[in-house]
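Visitor: Given next are the chains, with one letter for each unit.
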Amino acid sequence: MEQTNNKGIWWVVGIIVVVLVVIFAFRGGSKETGPIKIGVIAPLTGDASVYGEAVRNGVALALDEINSAGGVGGRTVEAIYEDGKCNGKDAASAAQKLVDIDKVKVIVGGMCSGETFGAAPVTTPAKVILFSSVSSAAKVSTLGGYVFRNHPSDNLAGQELAKYISSKYKKIAIVSEQTDYAQGIRTTFIDAVKADGSSVVFDESYVSNTKDFRSIVSKIKSLGVDALFINAQVGSNASQIAKQAREQGINAQFFTAYLTGPEFVKANPEVEGTIIIDVPGLSTDVKGQQLLTEYKAKYNSEPNYKFFVGTSYDATHILVDAITKVGQDTSKIANYLHSLKNYSGSIGTYSLDPEKPDVVGLGLVFRQIKNGEVVDFIK
Amino acid sequence: MDYFVHIAILIGIYSILALSLNLIVGYTGLLSITQAAFYGIGAYTTAILLTAFGMNFFLSIVVGMIITGILSLAIGYVLSKFDGDYFALGSFGFNIIVYSIFLNWQSLTRGPLGIPGISKPVLFGLDFSDNLIFLILVIVLAVGVYFISQFITRSSFGRVLKAIREDEKAIKVFGYNTLFFKLTIFVIGAMIASVAGSLFASYITYVDPTSFALSESIFILAIIILGGLANNKGAVLGAICLVILPEALRFVGFPSDIAAQMRQVTYGLILIVLMLYRPQGLLGEYKL
Amino acid sequence: MRKKAGFAIFIPMDIIPQLIVNSIIAGAIYSLVALGFNLIYGTAKFFDLGYGVLTAVGGYAVFYFSRTLGFDIYVSIVLGVLLAGLVGFVIEKIVYKKLRARKASSMVFMVAALGVMTTLQAIIAILFSSQFQVFPATISTQTFQIFGGVITGVQCIALVLSILIMFSLVLVLRFTKFGKAIKAVSDDAEVSKMVGIDTDTIISKVFFIGSAIAGLAGILVGFDTGIEPTMGFSLLLKGVIASIIGGVGNIYGGVLGSFLLGFIENFGIWKISGEWKDAISFSVLILFLLFRPNGILGKKL
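Top to bottom, those sequences are chains A, B and C. Residues 16 to 394 in the numbering used here are what the first sequence lists, from first letter to last. Residues 993 to 1280 in the numbering used here are what the second sequence lists, from first letter to last. Residues 7 to 307 in the numbering used here are what the third sequence lists, from first letter to last.
Bound-form chain A, shown alone (with noise of 0.2 Å):
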């Protein structure tokens, strides 16, 4: 005995009259005039909107310097962003959207390797091309041809940190966040370590949220470890761990990769000496300097991840160049990308592998916290 309740029915119909009149007013069309669209895919809301504001920042950075320039050939260049939440879903609706209604034919994204893989089903049989300035997950590289990353697989920087960490260090520790990044270092690292001979004697993970380390840290304590691979993601868990690390008293060398913004860097004198893999670019080169400067300016205020600034920068630089050079022809996009090579961009020197969605030719360094600030380490 249910009630049909008219109103509810009403309500209804009244949602979808919007939604249908907001489509359709909004509707971008593939104009020849009028500005060129790309789409952005990033989580824009929730725990990784942190890093979402650093992909945002890096595309609108970018945007600036082009449109400033006179844009391609006399056309602004405008991003749409979407929410992917860091979710394969919403990343799914929000590639669905920009193909289908705004009509992209470039996106910068996902950020979170699961919004890559949740976008990619969508954007590759509408051969739009997906270009991840910051997934790592090593199954990234399966995608097909018409994804590519600037972001190196997690595989590089476990491998790199493990050769240096094991040729010096005997009992060594690593606390990993519980995120894909993270993860993926973190198995690559441990294998790497093992392969080399040496053991890890301290492997555990924290959710992201956790910010009471005491107890993981008691127990890293009573091993007597000489070596802390401090595997986190978010800057801030990093220097807490650091933090409540030395306030127990323990006195191994940190390690941690790619945090070389201040939410770690400054965030307490416990962090001192901590030494960082990182990408080239970005601290001592010209062009990465440039760009810090220019977000300086623009954000007022010192970007935190200024990796995923950096990579996002040079993505959308990179997508607008081979527009410039070939048109909006994705197919002749596509075969751009894969033959790129040498591209000097704001991270470092690298070029995109031929086939795969993967980087070539980036190399890693090591950096070091001396006096609060980021310098070049000499191993």
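If you are wondering where the hints come from, they were derived from the structure by calculation, not from laboratory data. Don't be surprised by glycine CBs; every beta carbon is placed ideally from N, CA and C. Mixed in with the good hints, there may be bad ones.
[As the list claims (entries may be wrong)] Below, computed lysine to aspartate or glutamate pairings styled on DMTMM-like, alpha-carbon distance capped at 20 Å:
1. Lys277(C) to Glu219(A)
2. Lys109(C) to Asp1159(B)
3. Lys305(C) to Asp193(C)
4. Lys305(C) to Asp1075(B)
5. Lys385(A) to Asp300(A)
6. Lys302(A) to Glu317(A)
7. Lys109(C) to Asp1077(B)
8. Lys311(A) to Glu80(A)
9. Lys118(A) to Asp1075(B)
10. Lys209(A) to Glu309(A)
11. Lys394(A) to Glu317(A)
12. Lys104(C) to Asp20(C)
13. Lys51(C) to Asp1075(B)
14. Lys1073(B) to Asp1159(B)
15. Lys109(C) to Asp20(C)
16. Lys142(A) to Glu1160(B)
17. Lys1154(B) to Asp1077(B)
18. Lys51(C) to Asp193(C)
19. Lys305(C) to Asp1159(B)
20. Lys186(C) to Glu196(C)
21. Lys118(A) to Glu93(A)
22. Lys109(C) to Glu1158(B)
23. Lys142(A) to Asp994(B)
24. Lys104(C) to Asp204(C)
25. Lys281(A) to Glu262(A)
26. Lys178(A) to Asp206(A)
27. Lys209(A) to Glu219(A)
28. Lys51(C) to Asp1122(B)
29. Lys142(A) to Asp115(A)
30. Lys183(C) to Asp204(C)
31. Lys236(A) to Asp20(C)
32. Lys109(C) to Asp194(C)
33. Lys1161(B) to Asp1077(B)
[To be verified] For each label pair, taking beta carbons as the anchor points, the in silico distance ranges come out as:
34. Ser1207(B) to Asn350(A): 38 to 44 Å
35. Met1047(B) to Glu370(A): 25 to 31 Å
36. Asp206(A) to Asn1169(B): 51 to 57 Å
37. Asn266(A) to Ile302(C): 36 to 42 Å
[What the hints assert, rightly or not] Here's a subset of chain B near chain A, in silico, CB distances under 7 Å, partners left out:
38. His998
39. Ala1066
40. Leu1095
Chains B and C: place on chain A using the hints.
Guide: Chains B and C only, in chain A's frame:
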């Protein structure tokens, strides 16, 4: 029109989830906030069976339902010891525990790395990778679930459920074994949610733990509250509204750096306003 | 992955003091959250899921006052606590009071509270971005050694404050007219009304106090580690578990449960890997719900 097909598929999947939860919450009055756990078990079962063993999708749905059925029997049994608010809290707890397992049992689930590359269904040579065909599959299943729900709730079994919702002690006096009824509907609801999970896994071709956290259970609850508890049409209506809402908000021109947050504000305000002015939901017969 | 090779089976003696200190620190923060939460549950009789976000309100208020407006840090703290109380008070007035007036069920309250949490969190993120923020290190960052365990100045303050507030609340409840009225409302709101107690005002004031305590908890967490818009939810869940363990709606119970939870978490993850911390906490919750749903000290305020 692919975008609309995509939205329709999501509406279909969430309709199945809403219908499944409605049986437990709307008809039987058990405030269960753990449906995402069963959704996830179905999804991961399909994901693992398809990627590691190349099993047929439809067979994986059945396996998923069996595994979910067994686990939900255990969970439901423990939960049946609680009542009212404590039932809800306990179910919260189970959701978080199951989520922890998805996240930390890395040898099985690859943890936060998730499982990519799940293939689309294939049946008698009919390939479902065309979204339109997948949509038809989802609609068929959703309609099936709808009629099953209607059948259950209109039967004498359903009447007992409603009686439990109204006054469990009273009906116990009449000799009904309420534990049996509560457990049965809990397990049925869980198994239906598992089907939705299998569909989800194959459609998106990727699963990771974040899709099955507590917030997802809360979302499904919000759907049936919006649509109206104990009303199957309401469950579907709620799914339509809450799936379309964030997508529609994509088109409203908020300035890009706060757009996403503004959507959250809108979503939150809608919940508050609904509770203040129309708590029985859109089509509800059962006033909360 | 077998990672426990070479691990002591028993906890080495020299680590126990630190684990104890860790447990106490965690317990102190949780107990502040549980105190306010219990106060609200005791009187308004629903699980306020939106309570957690008030910790963020307190934290961000201090951040804003001290960092952006340049106020003195102690002034900022007082303002932050008051602001959190005020926000909680206002929300009660515009949302929960109306729901109470028409005797809405707990499901409605929960969903409304959920809406409150989502909205407030998003507003904070809009105003301050989602980045994790750290407070200026002006309050004592010294570390002290207690029986071999290390504790910082801020953590000591958190501990002292939580005990102080607990005793203050107990004194208020037992010896003031206001406190007795709160107890009456908690026991039976209907009867209280009949006897002439203005239950609405009592509940409003309780929300103010409870929310202010939450704000304080958020501020302390801010000094100890830092703040971000979503910080409230996990704190809230811990407060809920602590309350149930100790006895829902019971002031002493909330504090007892909090310290107990702190101990269980910190000693528990000694043997079980850190990533299972949440699962452990919630398993404990379920065990208590099964075997002792009224908590250790029972339900009364």
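Visitor: Next step is simple, just say for each hint if it's right about the structure.
Guide: Against the structure, the hints come out as follows:
Using a Cα cut-off of 20 Å, the hinted pair Lys277(C) and Glu219(A) holds, with the two alpha carbons roughly 12 Å apart. Annotation: proposed proximity of Lys109(C) to Asp1159(B) holds, straight-line Cα distance about 18 Å (limit 20 Å). Between Lys305(C) and Asp193(C), the direct Cα distance comes to roughly 10 Å. Compliance with the 20 Å bound is thereby established for this hinted pair. The straight-line distance between the Cα atoms of Lys305(C) and Asp1075(B) is roughly 16 Å, inside the 20 Å bound, and the hint therefore holds.
Restraint check: the Cα-Cα separation between Lys385(A) and Asp300(A) comes to about 19 Å, which is no more than 20 Å; the hinted pair holds. A C-alpha spacing of about 16 Å is found between Lys302(A) and Glu317(A), which places the hinted pair at or below 20 Å, so the restraint holds. Among the hinted pairs, Lys109(C) with Asp1077(B) is consistent with the structure: their alpha-carbon atoms are about 16 Å apart, no more than 20 Å. Annotation: proposed proximity of Lys311(A) to Glu80(A) holds, straight-line Cα distance about 14 Å (limit 20 Å).
Of the supplied pair hints, the one linking Lys118(A) and Asp1075(B) is violated, its CA atoms being roughly 52 Å apart against a limit of 20 Å. For the hint linking Lys209(A) to Glu309(A), the alpha-carbon distance of about 43 Å lies beyond 20 Å, and the restraint is violated. Among the hinted pairs, Lys394(A) with Glu317(A) is inconsistent with the structure: their alpha-carbon atoms are about 27 Å apart, more than 20 Å. Proposed proximity of Lys104(C) and Asp20(C) is contradicted: the alpha carbons are some 55 Å apart, above 20 Å.
Annotation: proposed proximity of Lys51(C) to Asp1075(B) holds, straight-line Cα distance about 15 Å (limit 20 Å). Proximity of Lys1073(B) to Asp1159(B) is assessed by CA-CA distance (about 16 Å); at most 20 Å being required, the pair is judged to hold. Taking the CA atoms of Lys109(C) and Asp20(C), the gap is about 55 Å. The hint is violated against a cut of 20 Å. The straight-line distance between the Cα atoms of Lys142(A) and Glu1160(B) is roughly 58 Å, outside the 20 Å bound, and the hint therefore fails.
Only pairs whose Cα atoms come within 20 Å are accepted, and Lys1154(B) paired with Asp1077(B) is accepted, the gap being roughly 19 Å. For a cut-off of 20 Å, the pair hint linking Lys51(C) to Asp193(C) stands: about 10 Å separates their Cα positions. Our distance criterion of 20 Å between C-alpha atoms is broken by Lys305(C) and Asp1159(B), whose separation comes to about 24 Å. Distance hint between Lys186(C) and Glu196(C) is fulfilled; the C-alpha atoms sit about 15 Å from each other, no more than 20 Å.
For the given pair, Lys118(A) sits about 13 Å from Glu93(A) by alpha-carbon distance, which is consistent with the 20 Å threshold. At roughly 17 Å between alpha-carbon atoms, Lys109(C) and Glu1158(B) fall within 20 Å of each other, so this suggested pair holds. For a cut-off of 20 Å, the pair hint linking Lys142(A) to Asp994(B) stands: about 14 Å separates their Cα positions. Only pairs whose Cα atoms come within 20 Å are accepted, and Lys104(C) paired with Asp204(C) is accepted, the gap being roughly 16 Å.
For the hint linking Lys281(A) to Glu262(A), the alpha-carbon distance of about 17 Å falls within 20 Å, and the restraint holds. This hinted pair checks out: Lys178(A) and Asp206(A) have alpha carbons roughly 11 Å apart, not beyond 20 Å. Restraint check for Lys209(A) and Glu219(A): satisfied, since their Cα atoms lie roughly 16 Å apart, inside the 20 Å limit. The suggested pairing of Lys51(C) with Asp1122(B) is violated, with an alpha-carbon distance near 52 Å, which exceeds 20 Å.
At roughly 12 Å between alpha-carbon atoms, Lys142(A) and Asp115(A) fall within 20 Å of each other, so this suggested pair holds. Between Lys183(C) and Asp204(C), the direct Cα distance comes to roughly 13 Å. Compliance with the 20 Å bound is thereby established for this hinted pair. For the proposed pair Lys236(A) and Asp20(C), the alpha carbon gap of about 10 Å is at most 20 Å, so the pair holds. Between Lys109(C) and Asp194(C), the direct Cα distance comes to roughly 14 Å. Compliance with the 20 Å bound is thereby established for this hinted pair.
The straight-line distance between the Cα atoms of Lys1161(B) and Asp1077(B) is roughly 17 Å, inside the 20 Å bound, and the hint therefore holds. For Ser1207(B) paired with Asn350(A), a C-beta distance near 42 Å keeps the hint of 38 to 44 Å intact. Checked against the given bound of 25 to 31 Å, the beta carbons of Met1047(B) and Glu370(A), roughly 30 Å apart, stay inside it. For Asp206(A) and Asn1169(B), the hinted distance range of 51 to 57 Å is satisfied, since their beta carbons lie about 54 Å from each other.
Roughly 41 Å separates the CB atoms of Asn266(A) and Ile302(C), a value that falls within the hinted 36 to 42 Å. With its C-beta approaching chain A no nearer than about 4 Å, His998(B) sits inside the 7 Å limit, and its interface hint holds. Hint status for Ala1066(B) relative to chain A: violated, with the closest Cβ pair at about 25 Å, above 7 Å. Because the beta carbon of Leu1095(B) sits about 6 Å from the nearest beta carbon in chain A, less than 7 Å, this interface hint is met.
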